[in-house]
Amino acid sequence: MLGVLASIIDGVLVGLVYGLAAMGLTLIWGVMDVINLTHGTMIVAGMFGLYGLASAVGAPPYLALPPVLIGGFLAGVLLYWVAVHRMVGRPPLMSLLSTFSINLMLIGLGTSIWGTALFNVEVALPGFSLGRYTFPGAHILAAVLAALIAASLYLFLQRSRLGKAVRAVANNREAAELVGIPTTRVLAITVGCGVAIAGVAGMLIGTLFPFTILSGDSYQLKSFVVTALGGFGNPVGALFAGIALGVLEGAVTPFVPVSWTLVIEFALFVLVLVVFPGGIFAARRGAL
Amino acid sequence: MSVLLDLREVSKRFGGLQAVRNLSFDVRQGEILGLIGPNGAGKSTLFNLINGVFAPDHGRIIFDGIDITGERPYRVARYGLARTHQIVQPLTNLTVLDNCTVGACFGRKNLPLARAHEAAREAIAIAGLENRAAMLALNLTIAEKKRLELARALAAQPKLLLLDEVLSGLNPTEVEHMIGVVRRIRERGVTILIIEHLMQAIMGLSDRIVVLNFGQKLAEGLPAEVARHPQVIEAYLGDPKLAAELQGAG
Amino acid sequence: MPLVRLMRRPFFWILALAIAVFALAPVFGNNVALREALILDAVYITLASNLNLMLGYAGYINFGSIVFFGLGGYTCVWLVNSYHWPLGASLLVAGVCVSVLALIFGLGILRLRGAFFALATVGIVEAVQAFAENFTPWGGSSGIYLSGDIFTPLGGPARALWVIYFMMVAVMGLSLYLSYAIKSSKFGLGLLAIGQNEDAAAILGVPTPLYKALVYSASAFLPAIAGGLYFFKSAFIQPSDAFDLTLSTEALVVAMLGGQGTVAGVAIGAFLYEELRGYLLTSSMFANFQLFVSGALLLLIVLFFPGGLMGFIYRHFPRTQKVLE
Ligand SMILES: Nc1ncnc2c1ncn2[C@@H]1O[C@H](COP(=O)(O)OP(=O)(O)OP(=O)(O)O)[C@@H](O)[C@H]1O
Ligand SMILES: [Mg+2]
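Protein chains in written order, with our numbering: chain A, 1 to 288; chain B, 1 to 250; chain C, 1 to 325.
Just so you know, the hints here were simulated from the structure itself, not pulled from any lab data. Check before you lean on any hint, since a few could be wrong.
As the list claims (entries may be wrong) - In the DSS-like style, the derived pairs of lysine-lysine whose C-alpha atoms are separated by at most 27 Å in a straight line are:
id : chain 1 : residue 1 : chain 2 : residue 2
1  : B       : 109       : C       : 186
2  : B       : 241       : B       : 217
3  : C       : 186       : B       : 159
4  : B       : 241       : B       : 159
5  : B       : 159       : B       : 109
6  : C       : 322       : C       : 186
Claimed, not checked - Listing some non-contacts, in silico: residues in chain C with all C-beta distances to chain B over 10 Å:
id : residue
7  : 148
8  : 202
9  : 292
All residues carry an ideal CB built from backbone N, CA and C; glycine is no exception.
Kindly produce the complete structure, drawing on both the sequences and the hints.
This is how it looks when you write it as structure tokens:
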């Protein structure tokens, strides 16, 4: 009984980080109908940022957070100008292809520099014990940080001037343009935020599990599953769906071989989309 | 006159909005039936229900003796029902001829490609697009795109044609031309259900009129009767210009 | 469109001539090196041309077209190895089985539209690969090795390689003609309509679910046979080769490079891409950057030449449109 409870709690902790990662994907999706296929690689970039600072330089792991956030934002803005700007308003498949090709380039560069070796970042934090079970301190801190960042994103979108502009652009780009919102700049900032969130989520995941340059695929998939569950373009839904996925994963992992987890998650993704074409927490227009 | 399309207590709700409510009327073989009503009255939604884009929540739709309620759009097209869109939906990177050939191939007659080309050319001629046949649909003007919508629907050789605001956005000459085209189509034995905001035009064109408001039927009858109907005038009084037009047309 | 009508068009004969030249080029002087290069081209053209049925006609991106190739390879190699079937029968059965499987998959995942379908195709690769890794009759993750005497029925290894080459060229030729025949048919017109605007197509009467599933299934048949030939030739198959996503990606790059939706473009694109790749592989500087270069190439096409090479040619020499399809 306690075992089940423990795996549920750990699922919630890890799920919060998955939810945060998915928020990065769904933010871009919701605002400009662009599916960012570099998402997984940006998550991995966050992991390597962490590795570079923590293992190579020897800084405390969580100090990597601000540089990853800033670096991610800049990378996102660059991504916008290179691959997304010309695609906004064109058939959605074109932006899928353009971000896909950027991803190929990044993966190509990454594998030729780092190979596909496994990297690991040790985080020495005291855990929290519940009877025979101990929750690693890294899991708890990652979950807390993920929740804090998610909350700040929510507040940013709801309260700040810029956040309101982002929501206005998501709702109706032409109208936003008419009332004087610099939509192009808002779109670039949105992609910046989306990528920064992906990077930070990757950094947090890097404190939990070992990773390779190719780990991005499976985390990207998790983000897609979460996005489908949570409703497209709905960051708050994403956070809850992330928790749901984390719990599900915790419950399923002991019973199936690792190579099938990915397949099960994909099946879930397809199933959700076939049954609820708009996501389960159906995206009301302007859910953002 | 026999009934071609029979709507029986059809309803459709979008979330909290009852777009069509308990609507019943019929379209008779060979007539032009005008469908009018203020913006958002549910006219286009009704078209979407008839040709299967949405399934109605309640009610039945009988076309030519067949119950087509909830059938997929491509099945409905086979039964001989074609439509145009209020917001034009050209197949942008295909030529005008190919656009119409799609209509002819997959419409009521299910024609093979060669025969479909002939049917498409004929429809293009009726819609007055002969000199645009080889052009890509994306290069047409908006008026031409409207005519393409019509030609494409016509190429399917339907029994019933649903026209959604084919006159809107056209200048007076183009409107005149289009009215002529619609009349010619009817003369070929096609029954027409037409949505239109231009009162003058629709009152002149239609044999009968059905008026929708908030998804419900407000009135039904000959154009002159409908134009004098107090509730119709009231519904349009939100828009005094239209009300005046209505009186003038009646 | 009946064959006779196709044969009246110049493009039919241009294509036939090109394929004949392709088939015979290495025969003169018994040029084995050229043959090995061309057989790879034939694989690329087969994959890209069948991918194009989905991408260029129906407007659906399939990131996982490689499953057809890999599954065909597995089925064929397995039948040859475990049941000692002759090559021809194994290939045919592989093609048919994979097509039927694609039809079943297709009816399921093609209910997803646009980008969602594209994402789901990646999942299919993962699922099939996981299956192959855990399926003992297929040797799990270590795969299947064919014994050395499989080439005997084809007249010994040297002759067998020529036979396989001609068969591969035939598969390529059939792929191009399939593309061409579909494009000139009512089925093809329906697909093009779906690719332009699926809702409008359905309203015009195109039976969209059926057509999409059919074309998905059709696009599986010849790649499966090509996979069978390819892995029979290497006498070895394992999951990581059979379902290598890079090959799917390259097929996508090739189709976009040549011009999606055109028959000739895909062939020219495959040729160009192979040349480029050959150059990159031999130059020491770029050997590790293949993926990077594929990505950069695709990005350039998507950003600046969405019509690919054929789009460019059509735009500057409009009259070629009548001859090259
Ligand atoms: N797919 C949909 N989802 C949600 N609401 C919809 C949808 N389609 C239509 N509506 C709503 O249903 C109502 C009726 O719309 P409809 O398009 O049928 O009106 P209409 O009579 O054609 O108006 P108009 O004259 O402006 O074309 C409107 O309030 C509209 O916003
Ligand atoms: Mg309308």
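Q. Going back to the hint list, which numbers does this structure go against?
A. Failing hints, ascending: 4 and 8.
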